[in-house]
Structures are given as C-alpha cells and as structure tokens.
Amino acid sequence: MSTVTQPNPLAEGLHDYRVADPSIMVIFGATGDLSSKKLLPAIYNLAKQRLLPAGFAVMGAAIDDMSDDAFRKRAAEAITQHSRTQPIDQTVLHAFLSEAFYQKVDFSKRDDFKALQRRLDELDSSRHTGGNRVYYCATPPPTYETIVEQLKATAMTTGPGFHRIVVEKPFGFDLKSARELNKIVQRVFHEDSVFRIDHYLGKETVQNILAFRFANTIFEPIWNSNLIDSVQITAAEELGVEMRGAYYDRAGALRDIVQNHALQLLALTAMEPPIAFDANAVRDEKVKVLRAIRPLSEDELAHTTVRSQYSKGWVLGERVVGYREEHAIPPGSLTETFAALRLFVDNWRWAVVPFYIRAGKRLPKRATEIRVAFKKPPHLTFGRDAAAELETNAITLRIQPEEGISLRFGAKVPSAGVKLRSVTMDFDYASSFLVETPEAYERLLLDCMIGDPTLFTRADEVEAAWALIDPIEAAWRDGRPPLQFYEAGTWGPAAAGKLLEADGREWHRP
Amino acid sequence: MTAVSPQPGLDWHGEDVTIADVLDALNRVRHSFARAEAGEEGQPHPRSCVMTLVSVAPNSVEETRAILASTAIAKDHPSLSIVVRDEPRVRSGRIDASVMAHPIDQQNHPAACELVVLRVQGAAGAHLAGLVDPLLVSGVPVYLWWLSTPPFGSAELNDALRICDALVVDSSRFERPYNSFLALSDIALKSHPHMGLGDLQWERLSPWRETTAQFFAPASRRHLMNGVSEIGIDYAGEGRGNRIGAAMLAGWFASSLGWKLQRASGGGGGVMAAIYQAEGWRPVQFAFRSVPRSYVMPGEVSALRIAGTSAGQSFSLSIRRDPERARRPEDARFASLHPAGGEDDAANELAQRKAARHLGVVEQNRESLHHTSTGDSPGESLPARPKVLATERRRPDTSDVLLTMIDIGDAGTLRHVQRVPPEDEAAILQRVLFMGARNPVFNRSLIAAAELMRAI
Numbered sequence: 000m001s002t003v004t005q006p007n008p009l010a011e012g013l014h015d016y017r018v019a020d021p022s023i024m025v026i027f028g029a030t031g032d033l034s035s036k037k038l039l040p041a042i043y044n045l046a047k048q049r050l051l052p053a054g055f056a057v058m059g060a061a062i063d064d065m066s067d068d069a070f071r072k073r074a075a076e077a078i079t080q081h082s083r084t085q086p087i088d089q090t091v092l093h094a095f096l097s098e099a100f101y102q103k104v105d106f107s108k109r110d111d112f113k114a115l116q117r118r119l120d121e122l123d124s125s126r127h128t129g130g131n132r133v134y135y136c137a138t139p140p141p142t143y144e145t146i147v148e149q150l151k152a153t154a155m156t157t158g159p160g161f162h163r164i165v166v167e168k169p170f171g172f173d174l175k176s177a178r179e180l181n182k183i184v185q186r187v188f189h190e191d192s193v194f195r196i197d198h199y200l201g202k203e204t205v206q207n208i209l210a211f212r213f214a215n216t217i218f219e220p221i222w223n224s225n226l227i228d229s230v231q232i233t234a235a236e237e238l239g240v241e242m243r244g245a246y247y248d249r250a251g252a253l254r255d256i257v258q259n260h261a262l263q264l265l266a267l268t269a270m271e272p273p274i275a276f277d278a279n280a281v282r283d284e285k286v287k288v289l290r291a292i293r294p295l296s297e298d299e300l301a302h303t304t305v306r307s308q309y310s311k312g313w314v315l316g317e318r319v320v321g322y323r324e325e326h327a328i329p330p331g332s333l334t335e336t337f338a339a340l341r342l343f344v345d346n347w348r349w350a351v352v353p354f355y356i357r358a359g360k361r362l363p364k365r366a367t368e369i370r371v372a373f374k375k376p377p378h379l380t381f382g383r384d385a386a387a388e389l390e391t392n393a394i395t396l397r398i399q400p401e402e403g404i405s406l407r408f409g410a411k412v413p414s415a416g417v418k419l420r421s422v423t424m425d426f427d428y429a430s431s432f433l434v435e436t437p438e439a440y441e442r443l444l445l446d447c448m449i450g451d452p453t454l455f456t457r458a459d460e461v462e463a464a465w466a467l468i469d470p471i472e473a474a475w476r477d478g479r480p481p482l483q484f485y486e487a488g489t490w491g492p493a494a495a496g497k498l499l500e501a502d503g504r505e506w507h508r509p
Numbered sequence: 000m001t002a003v004s005p006q007p008g009l010d011w012h013g014e015d016v017t018i019a020d021v022l023d024a025l026n027r028v029r030h031s032f033a034r035a036e037a038g039e040e041g042q043p044h045p046r047s048c049v050m051t052l053v054s055v056a057p058n059s060v061e062e063t064r065a066i067l068a069s070t071a072i073a074k075d076h077p078s079l080s081i082v083v084r085d086e087p088r089v090r091s092g093r094i095d096a097s098v099m100a101h102p103i104d105q106q107n108h109p110a111a112c113e114l115v116v117l118r119v120q121g122a123a124g125a126h127l128a129g130l131v132d133p134l135l136v137s138g139v140p141v142y143l144w145w146l147s148t149p150p151f152g153s154a155e156l157n158d159a160l161r162i163c164d165a166l167v168v169d170s171s172r173f174e175r176p177y178n179s180f181l182a183l184s185d186i187a188l189k190s191h192p193h194m195g196l197g198d199l200q201w202e203r204l205s206p207w208r209e210t211t212a213q214f215f216a217p218a219s220r221r222h223l224m225n226g227v228s229e230i231g232i233d234y235a236g237e238g239r240g241n242r243i244g245a246a247m248l249a250g251w252f253a254s255s256l257g258w259k260l261q262r263a264s265g266g267g268g269g270v271m272a273a274i275y276q277a278e279g280w281r282p283v284q285f286a287f288r289s290v291p292r293s294y295v296m297p298g299e300v301s302a303l304r305i306a307g308t309s310a311g312q313s314f315s316l317s318i319r320r321d322p323e324r325a326r327r328p329e330d331a332r333f334a335s336l337h338p339a340g341g342e343d344d345a346a347n348e349l350a351q352r353k354a355a356r357h358l359g360v361v362e363q364n365r366e367s368l369h370h371t372s373t374g375d376s377p378g379e380s381l382p383a384r385p386k387v388l389a390t391e392r393r394r395p396d397t398s399d400v401l402l403t404m405i406d407i408g409d410a411g412t413l414r415h416v417q418r419v420p421p422e423d424e425a426a427i428l429q430r431v432l433f434m435g436a437r438n439p440v441f442n443r444s445l446i447a448a449a450e451l452m453r454a455i
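Protein chains in written order, with numbering that gives the first Met the number 0: chain Z, 0 to 509; chain D, 0 to 455.
By construction, these hints were calculated from the structure, which means they are not laboratory data. This structure is a prediction, so every number in the text was calculated from the model and none was measured. Some hints here could point you the wrong way.
Unchecked claim - Some chain D residues near chain Z, calculated using beta-carbon distances under 8 Å:
hint: 1; residue: His101
hint: 2; residue: Gln213
hint: 3; residue: Gln276
hint: 4; residue: Gly411
hint: 5; residue: Arg418
hint: 6; residue: Phe433
Unchecked claim - Selected chain D positions facing chain Z (Cβ under 7 Å, derived; list incomplete):
hint: 7; residue: Gln120
hint: 8; residue: Leu135
hint: 9; residue: Ser137
hint: 10; residue: Val139
hint: 11; residue: Glu209
hint: 12; residue: Thr211
hint: 13; residue: Phe215
hint: 14; residue: Ala216
hint: 15; residue: Pro217
hint: 16; residue: Ser255
hint: 17; residue: Leu402
hint: 18; residue: Gln417
hint: 19; residue: Asn438
hint: 20; residue: Val440
For every residue, glycine included, the Cβ atom is placed at its ideal position computed from N, Cα and C.
For reference, chain D alone in the conformation it holds in the complex (with noise of 0.2 Å):
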C-alpha cells in the first residue's frame, strides 16, 4: 500500500489499497476533523449524518459528475458520500482510494461533509457490497446512485441493491434507453416493496403532473377527471428511446385513473397512439407525437394536451413550454449531437452493436496489443481505456416555463403561466432522495409505461 496525506489528519490518499485501510483512514480523518473543530478546550461536536450516497459510475466524467452532486448535496445535508469508479475491464485488480472531510457551514452546528472516492479495478467492482459494507454509517438509509446505464440483470447490481435502501438512476441517459427503461421496470415489478427506486427523468416530469393535477382539483372540477377522452403529449426526438417520458406520463395517467391499455400502435416520425378504457367501458385516446423543437432535448415532453365532456361541459388543458422562451445557442449545438433515430433505426442499432462488439475485442486484447505499439513490457503501462462519447442527453439549462390554458364550457380561455427553476442535478437527486427513493407513484408509473412500450 501507499498512502499519501496531503493534508495531515484531514484528508487522505492511497494506492492499491485495502476497504480495511479506507476504513483506518476514514476513522482517523473523523477523528482529526472531530479535534480540529472542537480546538484546544472544547468538547468535539457530535457527528451529524443524514444519509450514505453510494455512487457508482463507470468512467472519470461520471466519477466528476457524481463528486460534484454528492458534494454540493452534501454543503447542506452532513453525509457520507462513497464514489466508486468501477473499472471492471482494467485487469490487474486494485483498489486505489481517498478520504475527505471538509466542514459544513452551518453557523453554530458545524458538520462534516464526508467523501470517499474508491478508484477499483479488476474483478473487484463485481463485488460493490463487500466493498461498500464496511465503509456505511449504521442506521441511516443508504442509496444508490448508478451513473450511466446500471447493468440490469447482472449479479454485480443485484449484489449492489442488497446493501442499499433505494436505487436512483436517470433514465434519460440510459445507453440502450428503451431495453435498460423495460429493465428497469422488472426491478419496480420484482423487488422487495421497501426496495426505493427512483429516477431522475420522472422526477423532471414532476411541473407537468403538479399542472395537471391542479387542473382537477377544485372540487369542482372533479367530475372532468370522468370524462377524459383525449390525451395528446408531443415530445422531441424520434425512435423508442425518446418515448419514455411521454410513456412515463401515460403510465402515470393510467396508473392513477385506473385505466387499462386496450391496443397501442406506433407509426412513422413517432407517432404513436394507444387506447385505454377507463371504468371498464369508456375509451381514452393517446396520441403521441414526435414534434421537432429547437428548445427542446431529445426525449423533452413538449407539450400535453387534455380533452373530454362531462356532465355536457367540454373542457380542455393545454400545458406546453413557453415557444418564446429564448434559448441558449448551446443547446442548438447539444440537440444537434443527439442520433435523431432514438432505437428504432435499424442502421444504427446495428452500428452500435458492432461498436459494441468492437470494444469488447479491444478490451481483451488491450494488454497484449499495447506493448507492441509503446515497446513497453506486457503489463508495464496501459493505454487509457478506449473513450466512447456517450452523447449529452441533458441541456445543462433546464430551466422552462410552462404556459397553461384551460377552457371549460363557454368561459374563456383562461391564461397561466408559471416557472420551472434551472435545476442542476444535485438539486433534482436532492427532491428524489427526499422522500427517501421510495414513491409507489413512480413504480406503478413505470411498469404501466413498460407495458405501453412494448405494446408499441
């Protein structure tokens, strides 16, 4: 082992280490930070910790992405935050680590904000409990956070899922969107019901089902819930994979209202429609549609239009992002990068499985193949792992405005317009979190839009 403390007592640093070591280490940086903030006569305050974050991410940009949320949650929430890059391909297994505590700003309540970062190569990473285990906080709630796409099935999750209260993903930058989507969905189905899930696109989602629901709640309004007949929710992008959050808000239409999926079909350019039958007689149109918009990422819900009678009133809810609303030139240049195929173009689910297949060869090949070209030993120094881009799915501004119209009967059209802040993704992991993971919403949600997806 090597260890190096670049800030004697405070933080600390080592090379092919043990989780025993870590372990040492972490005790021994509370233990410093303890002292340092009691000073010479005071007695230390005690430690506060609201939660462990686990975060597992796959490459050194996800491994920053996940520092910089787990930090910035952590500026308000005294945590433990683990960051495990895992490197499975990388053969000669070790584990390479660093502790830090840095203090909390919270005037008379000072608390540490504390992160470990395990760097594990090798077979290692396979075995996330048994890394992770020693390392947690009794008695308070674990959560997992998988960057990137988690590898659904895989005994490496399912060991991971076993040591965590919920599991936290982003489906909006799943690799293979609608195969790892459905995965997904078999979690919500299979696991225990204590077993948190979450993810962060449904989170998103969130100022579309607050409008709608708003839309019903006056008293009375109520009856309009009953006769629902249309449903219209355009989104951005075309093929398979930009289709889950509009499914998402089909399943969660469906879920709520008790309605059941009678037939879907899917067309060209993304249109899609389904019909459902709610209370067992009275069917219910969705239209989906793929609307090219230069505000709006592949897989965005653009707009969400709501139509029906009931009791002889017609009514109506028309919920889109403000089109006026300017648009940084940095998203044109993100929306550009996005395939437009989603997974329904065959040509390019056929180039990337062959890129797939591609880097598995490289992968194998890469200590014997390097030496050849460097003129170094076999084993003696390695080539970087092969970078695939994975294109950005997020525009880093996600801020909107949603205008809403409603119509009822003869009245006019009445006007609303309100504010969805810029949210980074600490702020959005912080709202998923808070209400520990666990949301049977999102879960009935899911496995109802899984089953609309592969209706289609």
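Okay, chain Z solo, but in the shape it has when bound (with noise of 0.2 Å):
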C-alpha cells in the first residue's frame, strides 16, 4: 500500500526533485535484453540526475552464474551501449555499480530464493533501505507465477517495508489468460503494489494529453460529438519483427500494439475528467471508457476493421523482405502486422463520433499520433470559392518521434480578393521547455519505486481491453475479414483507406 506522509518541506521548490525512499530494486531476468537495453540504462540515468536515494541498490537475479564483479562489468557493457546519455560519466557509473549486486537464482528451485532472501536481508542493514524491495519481473510472462510463488514462499513479501512488483506487457494473451495472471499476482500482492508496465505511458506526451485536456478551459467545451467529427490514432513503425519473430508472430498487431498502446491512447483521448491527478481517479475514468467502447457485432467485425500483412517492399530507402520471409516467422503465417479499426464509445460526450485506429509494421515511418478533426463550420461566409482550399480544424497530438501539438485553422491569404488557407500553429514539447525528455522508464521506474501507480495499467483497465479484443480476434482467425496483403513501406493496404472513404473521410497522413 502506498503512504500518505506530509510534504517535505525541504524538497519545495526543488523542480527535478522526486525521490524514493531507499529500497533494493530485485531484477529477475537481469542478464536479458530487456534489463541490458533500458532497465539499466534507464537506472543509471536516474543516478546520473541525482533522482535515486541514498542505499537504493539493484540486485539482479538471474539463471546465469555469475559473481557481483562479472555482474557489474556486464551492466557496465550494457548501460556504456544503450543509455540515452552520452558520453557516459564514470563517476556515476562506478558509484551506480558499486550499488550493483547478482545472485543465482533459478526460478524453480526455493533454495535459490532463500539465498537470495538472505542477501536481501543483508543489504537491508548495510544500505537503510528498512525491508523496501521491488521486484522487476524482466523476464517472458510464463515465469511469472513461478516467481511470484517462490517470493511468497520464502517470505519475501512480508516483513517490514514495502513490497512491490512489477510486470511487462503482454498482461496476457487473451482476456481469460490476464484473469489467471491477475489471479495469481493479487494473490501475494495487494493491488496497489502490483505494477504493470505499458512505456507508452511514461511518455511525456502521453501524460500532457491529460494536461492539455484538462489544465485548460479553451479545449474541454469543444471536446466532445458537438464539434467532433472524428478521432484518428496512429500507431507507425517503419521497423519490422527483428529479433522478436516467434513472439510476435504469436502475438500480432492487434494483440501487441492495439490492445494495450491504441486503447490506452484512446482511453486518455475519451476519458471524462478525473476528480484528481492520482492513481485511482485517472484509472477509474480510462476503464469508464474502455467499458463504454460498442463491441463490434459479428457484421461489424468484417466490415470495420482491416487485418494486413506486409510484404516486401522499401523502408527509408532500403529494400525489406516480407513479413513471411523474416526470421523466425513460417513461411504460411496468417498473423496481422497491420491492424485499423473503427470504434464508438457509446456515452453522452462521444455518441456517433468515430474513433479510427491503425497500427502497423513497416510502415513509411514511426509515428503515433492522435488527431482530432472538427465539423466543418455550418455556414461558408466567404463562399464555395474563397474557401475551396480551407481544410476542417484538426488538432493534432503527436506523441513520437516529435513529441508535440499541432493546430490547424482557416486563415485570410494576403491579397486583394478573399481566399482562404489553413495553416497550422505548432507547439513542439522538446523545444517550448528548457529541458531534456526523461526516456519513459526512468520516470515509470521511478515511480515504482515512490509508489506511485497512476501511470500504470490496473487488472480492469487489462480485462476491459481483453474483452474488447477477444471477439475481434476470435473473427480473424475465422478469417474474417480475410487477411490482405500491403507493401512494406505504404500506409497498409487499401482496405484501410476504403474504411474510412466508406464514411466520407481520408485517413491523415503523419
């Protein structure tokens, strides 16, 4: 459980300052990539920014024997290869491995965890940390019972301090999966203390739509099906499966992308404005939403939405191979790595406003951004003529690669006659603020580590979206709709695009 304590007096004013109470930070699954790539990187950067306490050490704990110092020299390799700091400081890092620890643990056997409980139970002496542990479960979703079991049978989740774990999407494979999965995590864990990971949320951007939406008055009166016409959102990669075959031929782009980054894009878009910035009032409002989305109907279900797969084609000026000839995928694959869909949110403020998402692989580039198009105006008073190139208002909220917030309006082009343009007011998020962009882990880390779960996903939150998935993709694996094909490098294959002139629109073009 989270601790309400008074503010600290002495951290006003302090504009980077957020820290932790000192805990150890417990990485199961410390050798694999996901903890060379961006666990460690991200938690040396917060070493680096002064942001982790004094006694906060990482143990990490993985199948591999190896020794505190073998440990070290390979989170040194690793953070020197990804962290998004450069050049690295070496005072930090030999300060943050100094702080680094590694024990053998193989998830199956208890007298592994006991030994590990045993280093634990050190460290809590020598470094202040009271019994604060988190654990890290970096490691594929089918050892998490395992681990969670052994943590509990050991002891490792009781005593003085706080206990928390963390968990990596996929939160399941399907609805019935994330019950089991909830099941077994809620059983040792409260809750609050259950922390699972969507990145696309410790993106700042994704936090400002809240901002933008609700930290002002100009937007909120005009956001909803009066002056809506639409609501796009835009998921691009211009990357294919690389080294991750056989989990997302599994998977797809449906199940990987849409079920968790889309929805929760659309959650935040849609959501009613929460009564509090804190964990419990932003998740109650985004499951409202998820709640509120019309199952599509076994009619719908071939005609609003289109699955795709990508064949070969050119990338940023590089010829790709097809989805099929990738590694790891079989030659006959029938998963999807391009998904669009059309959906309503049946409440009062969204009633027949659309909302359009695609999501795809190879791609002509990365992009994800949510764009809300308005109604054209109900009368022209300049005429048919003057306002022949005038485009509908459109806001534009980009959350990657540049990270930012477009508008677009009508405006008079200088000259004699009336013509009119839109243009377009742009803010751009990394140069309006005089600071760098923290990577989405070091701030979800963090919050991990103060308690904070609002940038979480909660157990309903996972099973609202489930439910929304499972029909759909119960229906393609019927086949139906049937699995098209589009050029590696194009904007998917012309089903998208027919999904959208179907209703009179076009899609917009990142």
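Assemble the dimeric complex from its two separately framed chains, guided by the hints.
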C-alpha cells in the first residue's frame, strides 16, 4: 500500500526533485535484453540525475552463474551501449556499479530464493533500506507465476518496508489468461503494489494529453460530439519484427499494439475529467471509457476491421523482405502486422463520433499520434470558391517521435480578394521547455520506487481491453475479414483507406 | 543612419540607428528567413518563440558572455534574444545594432534563433524599457538577465523591471557582493508577487538542497527534521562577500522549517555562528567557517553537516565535495587571483572606493583629456573606456562530486556518491528560466539570508 505522508518542506521548489525511499530493486532476468537495453540504462540515468536515494541498490537475479563483479562488468557494458545520455559519466557509473549486486536464481528452486533473501537482508542493514523491495519481472510472462509463488513461499513479500512487483506487457494473451495472471499476482500482492508497465504511459506527451485537456479552459468545452467529427489514432513503425519474430507471430498487431498502447491513447483522449491526478481517479475514468466502447457485432467485424500483413518493399530507402521471410516466422503465417478498426464510445460525450485506430509495422515512418478532426463550419460565409483550399480544424497530438501539438485553422491569404487557406500553429514539446525529456522507463521506474501507480495499467483496465479485443481476435482467426497484404513502406492496404472512405473521410498522413 | 547587410535578407547591421530602424530590420529578417526556409513552392512554417531573453551587459566581455549563452539556449529553444550593451558614460549618445536570425536544427520543425544586439552609448541606456519594449514578442515571457551587478535602486533598473516578467542575476559575480546581495533581497521584499527573481548562484546550490531533502524524504526519517540541533557549513574565501552561498543555505533551512533567527555573530577568519529557534523553543546552532580548499573557489560551499537527535535516535548527515577529485591546474590560477578579503577587509574596501572615485573622474574628463595626448580634436576620437578587470569568481569547470555520509543510530555509515555534472552558464540559466524564474522558495531564502548577513 502506498502511504500518505506530509510534504517534505525541504523539497519545495526543487524542480527535478522526486525521490523514493531507499529500496532494493531485484531484477529477475537481469541478464536479459530488457534489463540490458532499458532497465540498467534507465537506473543509471536516474542516478546521473541524482534521483536515486542514498542506500538504493540493484540486485540482479537470473539463471546465469556469475559473481557481483561479472554482473557489474556486464551492466557497465550495457549502460555504455544503451544509455540515452552519452558519454557515460564514469563517476556516476562506478558509484552505481558499487550499488549493484548479483545472485544466481533458478526460478524453480526454493533454495535459490532463500539465498536471495539472505543477501537482501544483509543489504537491508548495511544500506538502510528498511526492507523496501521492488521486484521487477524482466522475464517472459510464463515465469511470473513461479516467481510470485516463490516470493510468497520464502516470505519475501512480508515483513517491514514495502514490497512491490513490476510486470511487463503482454498482460495475458486474452481475457482468460489475463484474469488468471491477475489472480496469481493478486494472491500475493495488493493491487496498489502491482505495477503493470506499458511504457507508452511513461512518455511525457501521453501524460500531456491529460494536461492539454484538463489544465486548459479552451479545449474541454469543444471536446465532444457537438464539434468533433472523428478521431484518428495512428501507431506506425518503420521497423519489421526484428528479433521478436517468435513472439510477434503469436501476438500480431492487434495484441501487440492495439490492445494496450492504442486503447490507452483512446482512453486518455476520451475520458472524463478525473477528480484528481491520482492513480485511482485517473484509472477509474479510463476504465469507464474502455467499458463504453461498443462491442463489434459479427457483421461489423467484417466491415469495420482490417487485418493485413506486409510483403516485401522499400522502407526508408532500403529494400526489406516480406513478413513471411523474416527470421522465425513460418512461411505460411497468417498473423497480421497491420490492424485498422473503427470503434464507437457509447456515452453522451462521444455518441456517433468514430474513433479510427491503425497500427502497423513496416509503414513509411515511425509516428504515433492522435488526430482530432472537427466538423465543418455550419455556413460558408466566404463562399465556396474562397474556401476551396480550406480544410476543417484539427488538433494533432503527436506522441512520437517529435512530441508536440498542432492546431490547424483557417486564415485569409494576403491578397486583394478573399481567399482562405489552412495554416498550422505548432507546439514542439522539446523546444518549448528548457529541459531534456526523460526516457519513459526512467519515469516509470522512479514511479515504482515512489509507489505511484498512476501511469500503470490496473487489472480491470487490462481485462476491459481484452474483453474488447477477444471477439475481434476470434473473428480474425476465422478469416473474417480475410487477411490482406500491403507493400512494406506504404500506409497499409487499400482496405484501410476504404474503411474511412466509406464514411466520407480519409486517413491523415502523419 | 548607416546600414550594412553582410548577408542580404538574413543579417543586418546598422550604426547610429533608431529603434524603429532595428524593428524594421527585424521584421525584414523574419520575412526573409521565412521565405528562405519555405523554398520556392512551400508555405512558410509558423514562427515559434518561447521567450524573449533580454541581457544587459556593461562591457564587451559581458556582451560576449551574453551572446554565447543566449545563442546556446536558442539552439534548442526558439526565442528572441536581445543583448543590450549599455555604455552610459560615453557622452555622444547613439545606438549601433545588429540583427541576426539563424536556423535551428529541429528536424521537420525549422525555427529561428533571433539575436538583436544593441550597443547603446549615452543616456538612452538609462531608458531600457523604451529601447526594448518595441522589439518584444507579444504574449511570451520576457526575462531580464543582468550580467555583472545591476544598478540596484536606480531608475534605470526600475525602468527595466517594468517590462520583464523576471530578473535574473548571478550573485557570485556581484562586484560589491555584500551590499548588492542585500539590495537584491530588497527587490524580493518589495517587488510585485508576479515579478520573478532568479539567481544563478542559488541554482548552483541545488545539489546541496536536493541531497539534504533526499535525506529527510523517507517517512521513517521525517521526524529527524524536528531534532536537528547543529548545522555546519564550510565555504571558501574570507570576508562577508564570500558568505552569500552559505547564508542562502542557512536562509533556506530557516525559511523552509520556520526557524527564527535569535542572534548571530562573526569572528575572525571567516568564522560565524548563529542561533535559530525552532518550534518556538528548540535552539538550532549554525556554524560557518571559511575553509581554504584548493579545489573550491571563493564563495563556494565545500561542506554541509547536519546533526541532531530525535526520539532517542542520533543522526548525522555530511555532504562534502569529494576532496579526491582531481582539480585542473587552471582553477588554482583563478583562485589565486581572487582577493581573500571579500568586503570585510577595510583596506581592500578603501582601495575599491578610491579606485571607483578615480574611475569616475577619468570618465568625466576622458573626452577633454584624450585629445591633449593624441592631438585629435575634442570628440573626434575616444579612448577605450578604462577597463577594470573583475576578478573571475567562477571557475570554468563547475563539475563536482558530492560525497554524502549518513549515520542513523547504531547502523553503519552509509556512503553515497553523486555527480554534479559540469554546467556552463547557459545550462544554469536555462534551469533558472525553466520555472519562469518565479521561485518563492528562493525569495524567502534570500530574505532570510539577508537577515542573517545583516545580523553578523
């Protein structure tokens, strides 16, 4: 449980100040990719920003047999290679490594967990951590149950201090498996101590959606079906499946992106104002949106969803192979690498406003954004000719790579006559604040240590999203609609365009 | 007016110009930039501007500093920078100006860094608001960065404050640090609550404040705050001018925790003591001492110690610059240039006053004196203004390693190493501007520090 304490008067006015109680972060799977590429570099960067408290320590735990020094060497290499800040500050690195330890743990062996417990107890007394632990499962989901059970059996989730667990997406493979996973974790940890990481939520711009909507008076009054025509959510990647072929072929774009990232963006865009920016208030409102999304009927599934797979083509000037030629992908795979769908949120605010979602790999570029298109003015005061080049108003919330917000509106072209044209007012997030944007994992890891779950997915959110995705997934496995193909480097199949054309709209080009 | 355009359309330079000329040139440069950026067919991208930074520099050295810092900030943050080199002592009043617009690399979002340099001679500089106001971008915040020492209490400064949202100074560079610091605290006391006030020296103390705040952060340690009985601060350099950083830390503690100053006294060798009263009865003793360190510049804090007892548990927190940190030899050179006496040394103060008077006489008579030695007609040529080289109080490499040691009860000593990365002036200025330079914690710490300084 997170505890409420009085504000620290000495922390007032320190603008980068967010600090956790001293704790030990145990990384299960510490020798794996996630740990090397994301977690260790993020912790190093937190140390560099002086955001880690005195006494904080990392305990790597994995099947590999290695000493503390060997782990430190490995960690140093990983940080040097993957840290977002370069060059590496050797003073910070050495200080960080002196606080890093390693314990060989075979997840199936109770004795290994007992040995881990002994080492953590030793560290507790020497590092003033008071029994505070964050257990990070940087391991495949099938191991979660074993880890949780072993932690419970060895009494590593009780005693003084806080005990939190962090799990990575995917949170289950469907509604049934998600519920099972939640049940397993919640048998041992209270929901407030469970941190399900969807790194999208750690991005500054995703959080800025809430600030944009609820910290301004000028946008919220127009944020409804009276003035909004439609909303488009695009999550495009230029990359293929890289080395994740085996996982990806079982998941596909729908499970990999739409079930979590895209639906989270939709929820943040459509949610009602929370009563406060705290964990449960924000997540309560997101769950309401997810539950208000109209389930797709059998007929709608065939006409308002598009599944597609990339074939060979050209991306960023390079020839790339088709999905079925990728590493670890079966030649006859029917997994979608592109998903598009039209959803409706059945509530007073959003009735009749379509939400179009598209997510895909091997698209022309990496771009994630939310496009809110407004309705046409009720009357063309300046006449049809003058407004021929005028497009409707639109607000684009760019999540990545160039985080920002743009507003499109009409203006008169300077000339003798009356001619209107659309112009764009652009807010670039990075250049408008005199600070460097932190990496999402840095924010989220610090939140875990502090005990703030606002930017993590709650169990009921996960289940609500799967409840929506499961019927689509089932229909797609039945071949409804049939799998289509798109050339790598294009914006998806023609059917995706037709999905909007049928409604008299077209996709925005990011 | 003489106008020269070295790069037609993009840069402009004019001599003996009016502000209207500068404004025209700025608009032309903006237009040309937009057209050049859009190319033949494309539509110009909207101009972005997040702030106007007005820097006031009294001489060419400070002007260069202002241009370097403004340009460095503008590289990432599209803004208008106006550098005013104010030379009021030159009788023949005129304004020379330059306008430049440089593209900033922001991938698909091109923006311009706009730089206007005004070299103002004569009385016009005393009316800064009138000079700068027509050039300001409407609707974006205006920050006034006064390099060197602002003329506190003068009509010139008051006039300038009217057009800006915040005044930023560096109290570690004040020429008469003690008096100037007290004058700065008067601004904090008297200015409008919406008027921001920033100090680069205060920002440099952030790591000390952060580390202290971190120590008390855990809920289990919060009660220790009510048991603090002693605080020791070591600083470098003697004299009251070098105590500003230490006094600001003391002011921060006192104003954050509601401690009231009871008495304070100063001794020889930079030793000071102060007694505060916490919660209406509990004494908290401050001890300040000047400790010469080869790796610390005069005025910088080198160590902070906090000790006390709460609920029967004794504790201590010690934060110090890592003495093993290798110091570059240049630092020692700078250190030796700095006068050890600060403003306590009577002889030094006397010499300074004499020098100031002498400078005033020279300034008043420079035009009439100059031609007698050169043979030029009066007013035909002027000697360069006599330069008084201000001692460099900032070391070029500001990086540090802070070593923190924590003792609570019987548990062993916990050591923690933190790096304070090297930061140039632009980076520190950026951090001050980040919060709009409105910082109530700084204001109250400044006022409490001034109270302490006056009491000693």
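Hint check results:
1. Below 8 Å, beta-carbon pairs count as interface contacts, and D/His101 has none with chain Z, the closest being about 14 Å; its hint is therefore violated.
2. A hinted interface residue such as D/Gln213 counts as satisfied when its beta carbon comes closer than 8 Å to some beta carbon of chain Z; here the least separation is about 5 Å, so the hint holds.
3. At about 17 Å, the closest approach between the beta carbon of D/Gln276 and any beta carbon in chain Z exceeds 8 Å, and the interface hint on this residue is violated.
4. Satisfaction of the interface hint for D/Gly411 is found here, the shortest Cβ-Cβ separation to chain Z being roughly 6 Å, below the 8 Å cut-off.
5. Because the closest C-beta pair between D/Arg418 and chain Z is about 5 Å apart, less than 8 Å, the hint holds.
6. Annotation: D/Phe433 was flagged as interfacial toward chain Z, and the flag holds, the nearest CB pair being 5 Å apart, inside 8 Å.
7. A hinted interface residue such as D/Gln120 counts as satisfied when its beta carbon comes closer than 7 Å to some beta carbon of chain Z; here the least separation is about 33 Å, so the hint is violated.
8. For D/Leu135, the shortest C-beta to C-beta distance to chain Z is roughly 18 Å, which exceeds 7 Å, and the interface hint is violated.
9. Checking D/Ser137 against chain Z by beta carbon gives a least distance of about 15 Å; that is not within 7 Å, so the hint is violated.
10. Nearest Cβ of chain Z to the Cβ of D/Val139: about 10 Å, over the 7 Å cut. The hint is violated.
11. Checking D/Glu209 against chain Z: minimum C-beta separation of about 6 Å stays under 7 Å; hint holds.
12. At about 6 Å, the closest approach between the beta carbon of D/Thr211 and any beta carbon in chain Z falls short of 7 Å, and the interface hint on this residue holds.
13. The criterion of a C-beta within 7 Å of any C-beta in chain Z is met by D/Phe215, whose closest approach is roughly 6 Å, and the hint holds.
14. A cut of 7 Å between beta carbons decides the hint on D/Ala216: the least distance to chain Z is about 5 Å, and the hint holds.
15. The beta carbon of D/Pro217 is positioned within 7 Å of a beta carbon in chain Z (closest approach about 4 Å), and the interface hint is therefore held.
16. Against a cut-off of 7 Å between C-beta atoms, the interface hint on D/Ser255 holds, since the closest Cβ of chain Z lies about 5 Å away.
17. Violation of the interface hint for D/Leu402 is found here, the shortest Cβ-Cβ separation to chain Z being roughly 10 Å, above the 7 Å cut-off.
18. Interface hint status for D/Gln417: upheld, as the beta-carbon distance to the closest one in chain Z is roughly 5 Å, under 7 Å.
19. For D/Asn438, the suggested interface contact is upheld, since its CB lies about 6 Å from the closest CB of chain Z, less than 7 Å.
20. At about 3 Å, the closest approach between the beta carbon of D/Val440 and any beta carbon in chain Z falls short of 7 Å, and the interface hint on this residue holds.
Of the numbered hints listed earlier, those contradicted by the structure are 1, 3, 7, 8, 9, 10, 17.
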